[in-house]
Amino acid sequence: KAGVTQTPRYLIKTRGQQVTLSCSPISGHRSVSWYQQTPGQGLQFLFEYFSETQRNKGNFPGRFSGRQFSNSRSEMNVSTLELGDSALYLCASSPWGLITGNEQFFGPGTRLTVL
Amino acid sequence: QQQVKQSPQSLIVQKGGISIINCAYENTAFDYFPWYQQFPGKGPALLIAIRPDVSEKKEGRFTISFNKSAKQFSLHIMDSQPGDSATYFCAATQGGGSSNTGKLIFGQGTTLQVKP
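Protein chains in written order, with my numbering: chain F, -15 to 99; chain H, 121 to 236.
One chain only, chain H, in its complex shape:
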């Protein structure tokens, strides 16, 4: 119940295309869902995050879609660029008062390659 399942494991997209990465969770107590981007040799960097009270959040070319009833959320990268080539992680956590407080539970990651 603590897992976050992420798919696909790898993704190849042409420049200008849309990259879509999906995540699913079981624990309905999760209340914060961030996406991280990681380049080789670097730590993960926060891209965008969403809470369950909204169904979509957009920041520039990055959009999170959230489906609370299906317990799924996804990252859409519009107009994908070669510079977006990186590993993307979804994650989830919940607020105070439980054993899950204060820890991010990560998906397994998606390696994105954007071809020029």
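The shape of chain F in the complex, shown without the other chains:
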């Protein structure tokens, strides 16, 4: 079974631009969560989607948004990029999500650099 895939793997943007990251979950998984990983703040939860609905959200500004499609693929968008948005963005999928205790499987991440 193929793992979680994320595209692109690397991205360089400038301040003020917007960016869209994509995540394809493991086949059959309906829950997709997004995390931001930085050296200073560690791994922080952004949001979780299940059946095209945002089920939970972390403490990030509204510039961070996401969506999920009917095939469970998910996208994350960051508008008006700031230098502090430079991070590794990780996507994780699970069959039903942590709400039922299912483990999450992480993708390799998208490394975003904001100049």
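The set of hints was computed from the structure by calculation and includes no laboratory data. In this text, all values refer to a predicted model and were calculated from it rather than measured experimentally. Warning: the hint list may mix true and false statements.
Said to hold, decoys possible - Pairwise CB distance ranges (calculated): (1) Pro(-8)/F with Lys135/H: 33 to 39 Å; (2) Gly203/H with Tyr(-6)/F: 24 to 30 Å; (3) Leu166/H with Lys41/F: 22 to 28 Å.
In this text, a Cβ means the ideal position worked out from N, Cα and C, and glycines have one as well.
Fit chain H to the given chain F structure using the hints.
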């Protein structure tokens, strides 16, 4: 109350030794405690996980010890190998019905180096 505190930040162990990483939490509603291993350039991979109804879980060389009353849990890596050199994260989450549902709260990570 949502934090998970992890220590040490870094750890150096000789090959064959025991690596021990500790985590502490405050929220007694947490009911799932996984450990993740992350190599450079890769996403975190689930190593082993435990629920509060058991005090210990072992999978191969990896053991989680869980102390519910102290609100602490730890990862023990027996017979540590150079290939175990990675960053390890503890995490916690809780089941349905609260604002914490569906999100993992991670510790800050421990960089483990196993010397040959």
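Hint check:
{"no.": "1", "hint": "Pro(-8)/F with Lys135/H: 33 to 39 Å", "verdict": "holds (38 Å)"}
{"no.": "2", "hint": "Gly203/H with Tyr(-6)/F: 24 to 30 Å", "verdict": "holds (26 Å)"}
{"no.": "3", "hint": "Leu166/H with Lys41/F: 22 to 28 Å", "verdict": "holds (23 Å)"}
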